[in-house]
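*Asks:* Keeping their order, the protein sequence lines are chains A and B. The numbering of the first sequence is my numbering, which starts it at 1 and goes up by one. The numbering of the second sequence is my numbering, which starts it at 1 and goes up by one.
In short, the hints are calculated from the structure, not lab data. Think of the CB as a built atom: it goes at the ideal place given N, C-alpha and C, for glycine as much as any other residue. Errors might be hidden in some of the hints.
To be verified - Here's a subset of chain B near chain A, in silico, CB distances under 10 Å, partners left out:
(1) A7
(2) R8
(3) Q68
(4) F190
(5) S203
(6) F217
(7) A221
(8) F228
(9) N235
There are 2 protein chains.
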Amino acid sequence: MSTRAPARIRRLAIIGCGLMGGSAALALKRAEHVGEVVGYSRNPATRELALSLGVIDQAAPDLEQAVQGADVVILATPVGALASTMVAIAPHLAADAVITDVGSTKSDVVRHAQAHLGMHVMRFVPAHPIAGKEHAGVEHADADLYENRKVILTTLPQNTLGAIATVEALWRICGADVVTMSPQDHDTVFAAVSHLPHLLAFSYINGLANQAQIDQFLALAGPGFRDFTRIAGANPDMWRDVFGSNRNAIQSQLQHFKQALQRFETALDAGDSATLEAFVQRSRDLRAPWTLNAIIPSRDDLTQQ
Amino acid sequence: MSTRAPARIRRLAIIGCGLMGGSAALALKRAEHVGEVVGYSRNPATRELALSLGVIDQAAPDLEQAVQGADVVILATPVGALASTMVAIAPHLAADAVITDVGSTKSDVVRHAQAHLGMHVMRFVPAHPIAGKEHAGVEHADADLYENRKVILTTLPQNTLGAIATVEALWRICGADVVTMSPQDHDTVFAAVSHLPHLLAFSYINGLANQAQIDQFLALAGPGFRDFTRIAGANPDMWRDVFGSNRNAIQSQLQHFKQALQRFETALDAGDSATLEAFVQRSRDLRAPWTLNAIIPSRDDLTQQ
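Required output: the full structure, derived from the provided sequences and hints.
*Replies:* The following block contains the structure:
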């Protein structure tokens, strides 16, 4: 913990002006932690919208102009576009530019960075903010999106201490609680707590959709269905990329699930009510006391400035 | 629809003073639709608590005294206790007593009623209120629990019109939107939209609990996990009974799920991103526009009184 205020960002480049990148820009502007924000989106209408909403100060016409002279770059495109984005920006990055991202998977992002960022990989500090909203898009960007949320940094062995400090400060100033872990551990954890639940929710809805009574099902579904399936309305582009990027860890989590499901089905078929009850009890014992953000983030280092 | 006010209940018996029965008693008292409420719970402490909270006006020491002289009886025990409860009350029911229940399964409840209620089955109108709370128990009983919720009646061919009218009025006065369907259709629909999601959430949590990193998983889980697993903290007694009572319909829904899951897994293993994206898109198309209670309940017959 340092009581020294982190250095202000002069010029921030947001690559992919959506909910995640836009929310970071708004939070950093509100904290007066950034001089100017340059934004790029492949779709010109999106970057013009970001400009008109005041999320960015300048809309760059291409990736080269977006990153030129930027001291910090946030890669906020879908995970599937990260590799080609890195190829395009690497020759134009300032020699001391610090880079971070917002991808939900990390091992593959690290591989891409090692393949495409050249010596800039020293200052690429991968990040996964555990935050989101039901609706994507820069029009939903919100300076409070990261407030009290966790951001996982999967720092690389070759990262400089200065780059890590810059990225850590950036996310803390957005209001987040920063946690560091390896890319492999990150991908195992998020396969377990996020990617598998999405896969199950998507499969569950597809299983219903295959039945003739689907309209009756939807008309009578209650609050349990609402909560269980909220994630089943998620973005297809993003999730196609996540399933591609983190396949091994997801396959492994799926096996754990299928083993538990098989035990349940065996007990159901046998009418083994003692086993069914024990199975539900174990679930309840684990889930009932759990709460989101049970660990209160420490922000002493910011409030003491 | 009738503009005539439904007849007031003189003496209401609540068998099983918990969240569901207690909330019905409070709603009917608030509407001044009931003279006195007699309550029975197997555990004497529970019925004394219900009495001290004003949920019931008299605590009956046994089932016989609970139902004696009652013109309406609500069976609100766990589904697994319904058969033995029916056996115990049948000889003591008033000749014109109207009976309803709050069970989450219906085919088995109807079988029990036909086996154990004798001629009283004419006035047994099975009900399933689609309502609940995170915490069970009479201390959470709430006169608003059924407000704008659906209550499914699975009326029997031998039901009298008077009994159906009494039970319909009772639930409408609790604030609910009453829907009628067959016990078999009810059980298929709720296997699909409630019992299967519970089974999947219980299995998912058991699959996590089997892994050494479970504490790390829980520490980093986010809002998606919170919503997807809310139902995994549900009551083991209740769910053991539901899985026993509605086994056939649940097994059938589980097969639909497993087929969809298998298609997903095949695409994942093959790295078939087009199929993965189409699968997520289909889920999103169905789930994203869905909202709870999209159909506004009509309560004209009550408001015109």
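*Asks:* Quick check: which numbered hints come out false for this structure?
*Replies:* Hints 1, 2, 3 not satisfied by this model.
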